[in-house]
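Construct all of the structure, not just a fragment, from the sequences and the given hints.
Residue numbers (the working numbering), protein chains in the order written: chain A, 1 to 283; chain B, 1 to 283; chain C, 1 to 262; chain D, 1 to 262.
I should point out that these hints are in silico values taken from the structure, not numbers from a laboratory.
Virtual Cβ for every residue (Gly too), placed ideally from N, Cα, C.
Mixed in with the good hints there might be a few duds.
Cβ pair distances, simulated, as ranges [what the hints assert, rightly or not]:
| hint | chain 1 | residue 1 | chain 2 | residue 2 | range |
| --- | --- | --- | --- | --- | --- |
| 1 | B | ALA268 | C | ALA257 | 33 to 39 Å |
| 2 | A | ASP249 | D | LYS155 | 18 to 24 Å |
| 3 | A | ARG264 | D | THR83 | 35 to 41 Å |
| 4 | D | VAL218 | A | ARG243 | 19 to 25 Å |
To be clear about the criterion: a stretch of chain C counts as covered by chain B if any three or more of its residues have a C-beta under 8 Å from a C-beta of chain B, and this derived list gives those stretches [what the hints assert, rightly or not]:
| hint | segment |
| --- | --- |
| 5 | 160-172 |
| 6 | 194-204 |
| 7 | 231-245 |
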Amino acid sequence: MAELCTLSEAVADLVNDGDTIALEGFTHLIPFAAAHEIIRQQKRDLTVARLTPDLIYDQLIGAGLVRKLVFSWGGNPGVGSLHRLRDAIENGHPHQLELDEHSHAGMAARYTAGAAGLPFGVLRAYTGTDLPSHTKTIATLACPFTGEELAAVAALRPDVTVIHAQQVDREGNVGMWGITGVQKEAVLAARNAIVTVEEVVDDLAPGGPNFVVLPSWVVSAVAKVPGGCHPSYAQGYSTRDNRFYLEWDSISRDRALFGEWLERYVMATRGHDEYMALVGRSR
Amino acid sequence: MAELCTLSEAVADLVNDGDTIALEGFTHLIPFAAAHEIIRQQKRDLTVARLTPDLIYDQLIGAGLVRKLVFSWGGNPGVGSLHRLRDAIENGHPHQLELDEHSHAGMAARYTAGAAGLPFGVLRAYTGTDLPSHTKTIATLACPFTGEELAAVAALRPDVTVIHAQQVDREGNVGMWGITGVQKEAVLAARNAIVTVEEVVDDLAPGGPNFVVLPSWVVSAVAKVPGGCHPSYAQGYSTRDNRFYLEWDSISRDRALFGEWLERYVMATRGHDEYMALVGRSR
Amino acid sequence: MSDLALAQPLQDYSSDEMMTVAAARSLRDGMVCFVGIGLPSEAANLARLTHAPDLVLIYESGTIGAKPHVLPLSIGDGDLAETAVSVVSVPEIFGYWLQGGRIDVGFLSAAQIDRFGNLNSTVIGAYESPRTRLPGAGGAPEIAAAAKQVVVMLKHQRRTFVEAVDFVTSVGFGRDGDGRPGCWGAGPTSVITDLCVLTPDPQTRELTLTALHPGVTVEQVEAATGWPLAAASDLAVTDPPTDDELATLRSLKSRTAEAHSR
Amino acid sequence: MSDLALAQPLQDYSSDEMMTVAAARSLRDGMVCFVGIGLPSEAANLARLTHAPDLVLIYESGTIGAKPHVLPLSIGDGDLAETAVSVVSVPEIFGYWLQGGRIDVGFLSAAQIDRFGNLNSTVIGAYESPRTRLPGAGGAPEIAAAAKQVVVMLKHQRRTFVEAVDFVTSVGFGRDGDGRPGCWGAGPTSVITDLCVLTPDPQTRELTLTALHPGVTVEQVEAATGWPLAAASDLAVTDPPTDDELATLRSLKSRTAEAHSR
Numbered sequence: 001m002a003e004l005c006t007l008s009e010a011v012a013d014l015v016n017d018g019d020t021i022a023l024e025g026f027t028h029l030i031p032f033a034a035a036h037e038i039i040r041q042q043k044r045d046l047t048v049a050r051l052t053p054d055l056i057y058d059q060l061i062g063a064g065l066v067r068k069l070v071f072s073w074g075g076n077p078g079v080g081s082l083h084r085l086r087d088a089i090e091n092g093h094p095h096q097l098e099l100d101e102h103s104h105a106g107m108a109a110r111y112t113a114g115a116a117g118l119p120f121g122v123l124r125a126y127t128g129t130d131l132p133s134h135t136k137t138i139a140t141l142a143c144p145f146t147g148e149e150l151a152a153v154a155a156l157r158p159d160v161t162v163i164h165a166q167q168v169d170r171e172g173n174v175g176m177w178g179i180t181g182v183q184k185e186a187v188l189a190a191r192n193a194i195v196t197v198e199e200v201v202d203d204l205a206p207g208g209p210n211f212v213v214l215p216s217w218v219v220s221a222v223a224k225v226p227g228g229c230h231p232s233y234a235q236g237y238s239t240r241d242n243r244f245y246l247e248w249d250s251i252s253r254d255r256a257l258f259g260e261w262l263e264r265y266v267m268a269t270r271g272h273d274e275y276m277a278l279v280g281r282s283r
Numbered sequence: 001m002a003e004l005c006t007l008s009e010a011v012a013d014l015v016n017d018g019d020t021i022a023l024e025g026f027t028h029l030i031p032f033a034a035a036h037e038i039i040r041q042q043k044r045d046l047t048v049a050r051l052t053p054d055l056i057y058d059q060l061i062g063a064g065l066v067r068k069l070v071f072s073w074g075g076n077p078g079v080g081s082l083h084r085l086r087d088a089i090e091n092g093h094p095h096q097l098e099l100d101e102h103s104h105a106g107m108a109a110r111y112t113a114g115a116a117g118l119p120f121g122v123l124r125a126y127t128g129t130d131l132p133s134h135t136k137t138i139a140t141l142a143c144p145f146t147g148e149e150l151a152a153v154a155a156l157r158p159d160v161t162v163i164h165a166q167q168v169d170r171e172g173n174v175g176m177w178g179i180t181g182v183q184k185e186a187v188l189a190a191r192n193a194i195v196t197v198e199e200v201v202d203d204l205a206p207g208g209p210n211f212v213v214l215p216s217w218v219v220s221a222v223a224k225v226p227g228g229c230h231p232s233y234a235q236g237y238s239t240r241d242n243r244f245y246l247e248w249d250s251i252s253r254d255r256a257l258f259g260e261w262l263e264r265y266v267m268a269t270r271g272h273d274e275y276m277a278l279v280g281r282s283r
Numbered sequence: 001m002s003d004l005a006l007a008q009p010l011q012d013y014s015s016d017e018m019m020t021v022a023a024a025r026s027l028r029d030g031m032v033c034f035v036g037i038g039l040p041s042e043a044a045n046l047a048r049l050t051h052a053p054d055l056v057l058i059y060e061s062g063t064i065g066a067k068p069h070v071l072p073l074s075i076g077d078g079d080l081a082e083t084a085v086s087v088v089s090v091p092e093i094f095g096y097w098l099q100g101g102r103i104d105v106g107f108l109s110a111a112q113i114d115r116f117g118n119l120n121s122t123v124i125g126a127y128e129s130p131r132t133r134l135p136g137a138g139g140a141p142e143i144a145a146a147a148k149q150v151v152v153m154l155k156h157q158r159r160t161f162v163e164a165v166d167f168v169t170s171v172g173f174g175r176d177g178d179g180r181p182g183c184w185g186a187g188p189t190s191v192i193t194d195l196c197v198l199t200p201d202p203q204t205r206e207l208t209l210t211a212l213h214p215g216v217t218v219e220q221v222e223a224a225t226g227w228p229l230a231a232a233s234d235l236a237v238t239d240p241p242t243d244d245e246l247a248t249l250r251s252l253k254s255r256t257a258e259a260h261s262r
Numbered sequence: 001m002s003d004l005a006l007a008q009p010l011q012d013y014s015s016d017e018m019m020t021v022a023a024a025r026s027l028r029d030g031m032v033c034f035v036g037i038g039l040p041s042e043a044a045n046l047a048r049l050t051h052a053p054d055l056v057l058i059y060e061s062g063t064i065g066a067k068p069h070v071l072p073l074s075i076g077d078g079d080l081a082e083t084a085v086s087v088v089s090v091p092e093i094f095g096y097w098l099q100g101g102r103i104d105v106g107f108l109s110a111a112q113i114d115r116f117g118n119l120n121s122t123v124i125g126a127y128e129s130p131r132t133r134l135p136g137a138g139g140a141p142e143i144a145a146a147a148k149q150v151v152v153m154l155k156h157q158r159r160t161f162v163e164a165v166d167f168v169t170s171v172g173f174g175r176d177g178d179g180r181p182g183c184w185g186a187g188p189t190s191v192i193t194d195l196c197v198l199t200p201d202p203q204t205r206e207l208t209l210t211a212l213h214p215g216v217t218v219e220q221v222e223a224a225t226g227w228p229l230a231a232a233s234d235l236a237v238t239d240p241p242t243d244d245e246l247a248t249l250r251s252l253k254s255r256t257a258e259a260h261s262r
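Below, the structure is given as structure tokens:
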């Protein structure tokens, strides 16, 4: 049963050093506030899984908290590179980064298998590519009916999945809409799930297409964090801060600048409200 | 691209003798009108797939049009037996019926594999049961990562899937809500799909939870047939005719009574409007 | 027998009502319950309307957290969708929810059960040439395999409680009681009938008589069981239905009859 | 060159515009197109706003039939969800829609391409010790495998058109041009650059120069290609952009720039 608590409590209670965590959200609803809280609490030696590492993992990697990255596309969407990610892979700064690299289809199948209680997922994927020779969680298997060879990917079961959603009702049921990516699967695949939400409502009410409801009893903790996905967006509540994504390119490109940004906007803020005030997006 | 046409045209154009057809709908939205039209047009030697054969396949089987039944639960929900189905299996009347028998989970995985372009689906199923020794479309396979043994089921790819939905918009996009069962998967697994709808609308508008949209271009033909799911129901448009399900028990139990019912309500009616008027459910 | 029971008039209830009440009591509040139509649905909704208001009912039609106003006649009644917290597809309900290991209790019934809790709902006689063709598996095999525990509800009759089932539709502890290879859940934890409660022996896994409903004798149960029935030494007696349980059950059933006759 | 082209002022457009226009023209109305961000999205939306109003755009974020008002900056812009016929999950878009064989054309780009249309978007240098780490696969490997045909859009440069890609992220016809075992789609049917169009030779599957954009010479293309480039004997010249194509593209891009600067 989902407990309504502060984000700081949820991260302290549920995220441990050495955990495999998935902070999901496909461009939309990326749970940045939770990542910042993980940085504030200096959870270390993390394996972090996400289809698109995005700025959120660029920050975690740059902060030196990540041991291993499980992913499928690591760029700054529409802008360019994730420079902290590249610095880790290309130069081992701030330390070496282990990779478990897939395609989107493979990552989606891995979460789906995890959610469905299966040890692996089957898909037509990776054919003719060099990924299987570098990624241990890819294998092949033959169809028992036709003999055809297909790809298999190992189920992904995070210790903790964190997502940001639009709404939670008084009973703790979570509602989200718009582009919902792999969030349902990532939550159901995980041992524990933390959800940050824009709003607590009496009754869930979809504000757009593709309404997804997660019953209270599959969520471990819910924290009300309006704007908790900035610079990503929550459809019906906020718009994407495209300028932030553009500006990140120069912040992230420079180790010193990144360090200053992290200190000022994350370490020196006591929580998301202070962060939002500082980036000029008070709500 | 979905063409708006009459149900009679859709069945004549798309359903052929010897086809594998799936008329899906899980208690809700069962496409009875389409089955009646298939009977009127005397399409023969059919393989019919459905999780729950329900009255709809009891009628097709009793009408002598079915060679093989692919299914997982063949009862009259809340009432008892499907007597035409039983008569075919127990006594070979009106002729022998070949069975391809699964559990619901297995059938769902078969349609899902078909929709996803895979030759088979993987699941934890059939463990310790006698089903695999009678059903050729069940096999086992080992996880390439853990060695664990799991069930595999062959993909199910109907020649034609038929469903009933609440709405179609002017562009041919189909909208349905409420309990939607395996309909999306059954449509996407099929070579062709026929949809009967309650209403043609300017813009699709969900009248309940779980709104599912099928884009126009995955549907072959759409026919407006209000009440086309009677005695099943369409949430927001009609209620289940429970009395019909109860009365079916005695109609179906007796070969002669069934024959009279079929002649009077299906063969002698020129279409669904006449059927509805006759069963006293004019709309 | 508890104090509560002493306050009740005895035998002011049918053996079927006792069965439903006993099954309802096996559910704790907050449990997640995968429910079939008929007796299981009746018991689960009785529990929800009495001691377990936060029981989560999942029907295989894809309705999660349904709170039906009356008992559904079919697994896909509109009432289930309209009162559910979430409605999902059938592939999802079996994939993410049942197979995903999220079900605390699965309720099952069947036409035959054997001493190791294996269930038959497929066929009486041989599969290829059946004497009686039954509806078949539905969701049962995977409920039996994946629910953390399984509660079986059956009327106690010799033709139902058989030495060997004609077909294993849903596995209990296997034909020879060897266990449940490849299954996630614990299997049948109790079999609740109109006469008694059977539970598997922790060592042998054989169904053993552990509680009699009020007024029922061991001999009656033995006569209705098709194998030599083992009985626990410390045989309990089920508390009879309370006034509240009976009143709630009867009101639910009469509301249901009224609703479905329309 | 068609009559249309003769009516246009020559060179009143950039080579990038020519590339986008040529790619847009490769899409027929009603096609189902799996689109990535950047050049592919620009070309697909230009087609939708000119000759192919019923083009179905699918973005990997799960938006089916999106009709964005401006070019999305990210694959998950709200505009895509709000204008889509249907929005589904990421597992579903890759499972039922791409892998299900429902995509007519997949658009791809990359950092490197070789003569057999194999694409690299993973790494320059060795995988374990890269000179330049690129973003990686995203949806590309399965688009390359499953779309009925693949159109590749790339700026023509010697460091991009290489003898051998450092890493095969998405398969064209294989490192040795041996074919596409296990793939459903036909593979790359054209590579559209800012200089020309290459298409695979029907026999050898090697990318062959088949059309030059107006004003471009074979020598220019050869100089920008890292392998000895085969050229068709009947080399075509691409029709230059029409006024309508140019005006539509420029208006789309200025609306886009304006929207994203907010």
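Hint by hint, here is what the structure shows:
no., hint, result
1, B/ALA268 with C/ALA257: 33 to 39 Å, "holds, 35 Å"
2, A/ASP249 with D/LYS155: 18 to 24 Å, "holds, 20 Å"
3, A/ARG264 with D/THR83: 35 to 41 Å, "holds, 38 Å"
4, D/VAL218 with A/ARG243: 19 to 25 Å, "violated, 44 Å"
5, 160-172, "holds (count 5)"
6, 194-204, "violated (count 0)"
7, 231-245, "violated (count 0)"
Checked against the numbered hints above, the structure violates hints 4, 6 and 7; every other hint is satisfied.
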